[in-house]
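Asker: Protein chains in written order, with the numbering used here: chain S, 1 to 660; chain Z, 1001 to 1144; chain A, 2001 to 2285; chain H, 3001 to 3293.
FYI, nobody ran anything at the bench for these hints, they're computed from the structure.
Built from N, CA and C at the ideal position, the CB exists for glycine as well.
Among these hints, one or two may not hold up.
Derived lysine to any residue pairs resembling SDA-like cross-links, with alpha carbons at most 20 Å apart [to be verified]:
hint: 1; chain 1: S; residue 1: K110; chain 2: Z; residue 2: K1126
hint: 2; chain 1: S; residue 1: K128; chain 2: A; residue 2: G2204
hint: 3; chain 1: Z; residue 1: K1035; chain 2: S; residue 2: D107
hint: 4; chain 1: H; residue 1: K3206; chain 2: S; residue 2: P481
hint: 5; chain 1: A; residue 1: K2159; chain 2: Z; residue 2: K1035
hint: 6; chain 1: S; residue 1: K524; chain 2: Z; residue 2: D1076
hint: 7; chain 1: A; residue 1: K2096; chain 2: S; residue 2: I614
hint: 8; chain 1: S; residue 1: K399; chain 2: H; residue 2: V3157
hint: 9; chain 1: S; residue 1: K472; chain 2: H; residue 2: Q3196
hint: 10; chain 1: S; residue 1: K472; chain 2: H; residue 2: S3217
hint: 11; chain 1: S; residue 1: K612; chain 2: A; residue 2: Y2063
hint: 12; chain 1: H; residue 1: K3206; chain 2: S; residue 2: E465
hint: 13; chain 1: H; residue 1: K3144; chain 2: S; residue 2: E465
hint: 14; chain 1: S; residue 1: K221; chain 2: S; residue 2: D656
hint: 15; chain 1: S; residue 1: K472; chain 2: H; residue 2: C3191
hint: 16; chain 1: H; residue 1: K3213; chain 2: S; residue 2: Y610
hint: 17; chain 1: H; residue 1: K3213; chain 2: H; residue 2: F3245
hint: 18; chain 1: A; residue 1: K2073; chain 2: S; residue 2: Y610
hint: 19; chain 1: S; residue 1: K597; chain 2: A; residue 2: R2275
hint: 20; chain 1: S; residue 1: K612; chain 2: A; residue 2: Y2069
hint: 21; chain 1: S; residue 1: K461; chain 2: H; residue 2: W3185
hint: 22; chain 1: S; residue 1: K461; chain 2: H; residue 2: G3204
hint: 23; chain 1: A; residue 1: K2205; chain 2: S; residue 2: R660
hint: 24; chain 1: S; residue 1: K110; chain 2: Z; residue 2: W1009
hint: 25; chain 1: S; residue 1: K647; chain 2: A; residue 2: V2200
hint: 26; chain 1: Z; residue 1: K1132; chain 2: S; residue 2: V113
hint: 27; chain 1: S; residue 1: K397; chain 2: H; residue 2: V3157
hint: 28; chain 1: S; residue 1: K612; chain 2: A; residue 2: K2096
hint: 29; chain 1: S; residue 1: K108; chain 2: Z; residue 2: K1035
hint: 30; chain 1: A; residue 1: K2159; chain 2: Z; residue 2: R1138
hint: 31; chain 1: A; residue 1: K2142; chain 2: A; residue 2: V2131
hint: 32; chain 1: A; residue 1: K2096; chain 2: S; residue 2: I602
hint: 33; chain 1: S; residue 1: K128; chain 2: A; residue 2: V2200
hint: 34; chain 1: H; residue 1: K3205; chain 2: S; residue 2: P481
Partial chain S-side listing against chain H, Cβ under 7 Å, derived [claimed, not checked]:
hint: 35; residue: G342
hint: 36; residue: E343
hint: 37; residue: Y463
One letter stands for each residue in the lines below.
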Amino acid sequence: MRRIGVFICHCGSNIAATVDCAKVAEAARGFPGVVYSADYKYMCSEPGQEFIKAAIAQEDLNAIVVASCTPRMHELTFRKTLANGGLNPYLFEMANLREQCSWVHTDKEKATVKAIDLVKMAAAKANKNEELTSSTMPVHKKALVIGAGIAGMQAALDIADAGHQVVLVEREPTIGGKMPMLDKTFPTMDCSACISTPKMVEVAQHPNIELLAYAEVTEVKGFIGSFTVQIRQKAKYVDHDKCTGCGLCETKCPSKVPNEYDLGLGQRACIYKPFAQAVPNKPVIDPLHCRKLVDNKCGLCAKVCPTGAVNYQDAERLFTDTFGAIVMATGYDLYPWEEIYGEYGYGRFPDVITGLQFERMVNASGPTGGKLKRPSDGQEPKSVVFIKCVGSREPAKAKGYCSRACCMYTAKHAHQVLDKIPDAAVYVFYMDVRAAGKAYDEFYEATLKDGAVYLRGRVSKIYQEGSKLIVKGEDSLLGRPVQVTADLVVLATAMIPSQGSRELAQTVGFLPDLDGWYQEAHPKLRPVETPTAGVFLAGACQGPKDIPDTVAQAGAAAAKVCGLLSKSQLETNPMTARSNPAICSGCGLCVAVCPYKAIQLISLADRDRYGKRINRTVADVNHGLCQGCGACTVTCRSGAIDLQGFKNNQILEEVDALWR
Amino acid sequence: MALMTEANWEPKVLAFCCNWCSYSGADLVGLNRMKYPENVRIVRVPCSARVNPQFIIRAFQRGADGVLVAGCHPGDCHYSTGNYYTRRRFLVMKRLLEFIGIESQRFQARWISGAEAVKFRDTVTKLCEDIKALGPQRKLRDQK
Amino acid sequence: MNAIQIKMREVAGQLLSLGEVDRVIGWEKGRFAHQSPPAFITDETKVERLIWDEYCLTGTAKYLLDDPYRAGKTGLFARGCDARAINRLIQDGQVKRENIVIIGICCTGMSDSVSRQMAAKCCDCTHPTPVVYDLMIGEPVKPVAKPERFKAVAELEQKAAQEKSEYWTRQFAKCIRCYACRNICPACNCRECFADQYRVGWLGKQHHTAENQVFGLTRAYHIADRCIECGECARVCPVGIPLMELNRKLIKDIQQLFGDYHAGVDSETAPPLGRYSLDDMEEFM
Amino acid sequence: MKYAYYPGCSLDATGIEYDIANKLVARTLGIELVEIPDWNCCGATSAHTTNHLLALALPARNLAIAEAHGFEQVAVPCAACFARCKKTAAAVQASPDLQVQISEVIGMTYAAKSEILSYLDVIGKKTGLDHIKKHVVQPLTGLKIAAYYGCLLVRPVDITQSDDPENPMVMDRLLQVIGAEPIAWDYKTECCGASQVVPVPQLGKKLIHDILKNAASYGADAIATACPLCMLNLDMRQKQINAMFGTQFHIPVFHFTELMALSFGYSAQDFGLAKHFESAESLLERMIGGKGA
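Between the sequences and the hints, there should be enough to build the whole structure, so can you do that?
Answerer: Below you can see the structure in the form of structure tokens.
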């Protein structure tokens, strides 16, 4: 039997001015299970809480109702009071007499009638409340970071610096991602490689970081605290333990192919490091183009290798490890504009390039040694046109979103052209200039002063006339068509989620948004978490971002991971769903609606109605994953799955009480 | 308390509000000291997807004159996708209730965010007015 | 009909004698000429009991749940409605496909035991040919749309709230809470029905109109997106409550709201209330 | 194949040779064109700058008549008429209310069920290039031709369902089949200036000039069009363009069906080649040894 104590708070005059608290307390004594009631000026105050504790002892109370402000304010306060008074904190219920009664009504008589009803509902629920206890789950103190661009590196370093073990997985032969490809970073114009390559080295040398380049995550099982992850190490064909990174093999390799790292603007050997400062600074063999691996000819690299590190028999390797947390840092790719932009020539004009190709070209360690040259004839361009929002903010044919970084890097490119070729003419076709960021707008203004001509409008057509490109567009501020004769056109193409990121999300166990970006658990309050507990987001995989935002988010994700890994056990929220195997028929409808994949069907040893031993299927809730939304409960017709703290009978009881 | 008679009948409206949006929207009405009729009683649930349509049937059976289910706007669910299920369930349930003769005004579902105090106030005010115009709900009622 | 009956006995005999199944479920002649109750045959020499006539009204699939964990395989005679019922049970995880040999029968409709006219449930049948089977008896017929089966629902929808309420109150006043509708329903396959759970208090035990109506409404909602339209509930109702009108109302709305869906036509497509689309109709703004 | 044929006003006047060539081509290919009885003007640019309902009702009436006669497909040779008809069908399909309103205005039911095709698509997409090839007796070998589509055949793409609004290829493929050599050029879908040339001549004429210039720069012998208005602009105004820009353009412009008719063995007298402003005589002389003339 429940012995319920009801405590009506005056909240000074906040409640008492509109609700007759004594009358409510008196009425409460008639409710089922209520053995004690009282009203008091401030229940949440120290004396108020002592008053409750004393009543628990004196009246032998085993359930408490406090009628005061919103539970969003003081539910936790009073739960602690119960715990201090020796009661399970979940034997508590709250009636909201302030925000939802006294403050919204003026007629004292009617407000009092309503207050009595609200207390009646709370008491009815309290009558059905049960003791709830948290359970614990172990935490494996090791984090997995997927993707080693600037986001992944930063997250890995921050977690490792806090003293936790990190495994950093990168699918390319080098870590670093896109940032080392860039020349300078806006708005400070410091050298991108100069600030990113030291980070790469730091990652490689950190005692708490295990680096797995040229590897991919292939399977993820388990849940927060203990994810079991299978990783595939691709065949490198070079034993990195023996290799000294001398680079002799690269110089002797007779086959050259376009270098992905230079976006086709330069060439590389088939045994290669993507770029000079690559980490690990040791080569791999490209199995698609290496003559030895394709035709079993050549074999020169093995012959010249002074340490015998080349191994053509190398094979991929699978291995498994367990992690407490996962950070997704898979970054972005650029929109394949050649597929849809017929008006820009579908990629058939060599002098129409992307911003990232421009970065490689303007980069001193890039394929042109930092000299701006037209890909078609190697001439220095004297007239350069930049087009922004190619694929972004274009819902009709590409993506509806803004890619956020393009306004600034285009301003930077314009500045760089004017810096390197002082007599050049620079035109920027734009829709808006979005320069919201510290020192961003100033940078844009400076670019205007440098002499870049900003034309507000879209480009409708690019075509070749002789060696020149004719760029036709609109100046929408003047309402006139404009035509520019250009030597080079640079497109600010949209960022899109990196290739394979959707499949990876499925592997890890959450869903991306409609554009393929990783969906955060809450857009405002949980921006670096996914709906899957223990999986966090860093950088552009969550949405287009520039470097400062990426690094900040990576730090935030790392802080979340550190918070998680700082505990050896996780206390679970007891207000989660429970499945009653005696009633569950194993239909699995609840499994599909759970946003956290917390429910699975398991086999249960049982006896059938004839006493025969059988195994039957029932739903089982993982309390580490369940967040307590209760969506599953409604799918369950027999109520076999129910939500602790908001059970079917508790809510029905609240409803019934109102008309009792 | 005076016995409720036809003459002084006041409707009772039950509102199921999700903890994260609509319940805090209702709190915000109070914080702003805006007013609405005394007829509304709120049941707090973690998510609108926790609201079993059977609770609605039960409320009408016991004597509710109107029922409101309120949750976060689609896309803003604290649990990501809960309210999408809510939407499907109550699109269907609302039509079923109308089919057995419960007037459409008596059951409503609404998306009310934690910031939409005005929307909460206006929604329940309108609901109470509509129900006062309709009179007491007698269908599905327990015979007493 | 005789050709089907001959084939039924032949197939049943073969399956039993080869040991491919250890029982078959079909129909036999009962005490009355106008009733053909289900038959459970385990002995190959008894296959002559099997009959096929115009009174084989009872659905066969639900009988699989009487002993869901039995070791042997069951040969199940299944018409269109039974086949959808089997898919229902497979999708709900209640039976395993590999434990059943489905002997499909292309059905042309049964007769009402009283009126001797085509049974109501058969008039509204959209899938007379089994949608899943291992062996087939008879010539398959394509599914028919039969939008006219929603006519009664559409007419009732047009009535005033008071009229609708009176109609259903009158209907459920008759209910004796025998639960035959639930017991015969292949979508009602809970281990413990909400109606039997007095501790939770979904439903009172009292027999009066309001509780009856709550039972009917709740049951209709429980099977809303999973009803296979076999019409058995309405057929077995001893007091003649038009239960299929409630079910059809829900099916009609679900199809209009969330797109074409026919429960039990396959065992893969998830029921509409267990999924969602971002583009679902928005009327709660 | 049987199509309702909506010639539109131009084909009764300035584009009469287009109409004749269309019918010759149809006859050869076994396509039956049935002119919509009692057709009216599509409203073109004038109607939709005046009254939106009128702009939809005018084409709707023609299409409704075609529907009433049981036609499932309507062939429209003029790009402007085509754009208006397509727009009307799309608007009516999108709104049941509008359908009721339009049907009331025109006094008959318009269900927007028939498929509306430009005559270019009828020939280039629906007829089959292999079938066309069989009828070519006089291939236009060596003719470097610029296939010009203009704007209304391709834009807006969700209405016109063009194969590619930036680089359409239907006409190019067709011209290839009759032996000509379509060039890759840049002004395929630029505006011909039809609606500008009267109110803002200096702008309209610049548009024409640019098209001619680009075609010439790629070495085009001639330009092929699929619209009577584009044809008129590019053909009739070359003299004015030359005067204004000091150029020496004399590029023959054809309706694409005229070139097809020539390849099918018809002579220039069979349709109205003599009505063109820029003479094609010397070109045809060079091409097919004067057999066309």
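Asker: Hey, K2096 of chain A versus I602 of chain S, does the alpha-carbon distance stay inside 20 Å?
Answerer: holds (16 Å)
Asker: For a C-alpha distance cap of 20 Å, please report whether K2159 of chain A and R1138 of chain Z respect it.
Answerer: holds (18 Å)
Asker: Interface hint check: G342 of chain S, Cβ to nearest Cβ on chain H, cutoff 7 Å. Holds or violated?
Answerer: Result: holds, 2 Å to nearest chain H Cβ.
Asker: Given the proposed pairing of K3213 of chain H with Y610 of chain S, does the C-alpha separation stay at or below 20 Å?
Answerer: The given pair, whose Cα atoms are some 93 Å apart, is violated under the 20 Å limit.
Asker: Compare the distance between the alpha carbons of K2159 of chain A and K1035 of chain Z with 20 Å, and conclude whether the hinted pair is satisfied.
Answerer: violated (37 Å)
Asker: Measure nothing beyond the straight line between the CA atoms of K461 of chain S and W3185 of chain H; if it is 20 Å or shorter, mark the hint as holding.
Answerer: Satisfied, since the Cα-Cα distance of roughly 12 Å is no more than 20 Å.
Asker: For the pair supplied as a hint, K1132 of chain Z and V113 of chain S, is the alpha-carbon distance within the 20 Å limit?
Answerer: Holds, because 18 Å separates the two Cα atoms, which is no more than 20 Å.
Asker: Given the proposed pairing of K399 of chain S with V3157 of chain H, does the C-alpha separation stay at or below 20 Å?
Answerer: Roughly 17 Å between the alpha carbons, so the hint for K399 of chain S and V3157 of chain H holds.
Asker: So if I understand the rule, the pair passes when the alpha-carbon distance is 20 Å or less; does K3205 of chain H with P481 of chain S pass?
Answerer: Satisfied, since the Cα-Cα distance of roughly 15 Å is no more than 20 Å.
Asker: For the pair supplied as a hint, K3206 of chain H and P481 of chain S, is the alpha-carbon distance within the 20 Å limit?
Answerer: Given pair K3206 of chain H, P481 of chain S holds - Cα atoms ~12 Å apart, limit 20 Å.
Asker: Does the alpha-carbon distance linking K3144 of chain H and E465 of chain S stay inside the 20 Å limit?
Answerer: Roughly 18 Å between the alpha carbons, so the hint for K3144 of chain H and E465 of chain S holds.
Asker: Sort out whether K1035 of chain Z lies within 20 Å of K108 of chain S, counting only the CA atoms.
Answerer: holds (13 Å)
Comparing the model with each numbered hint stated earlier shows that hints 5, 14, 16 do not hold.
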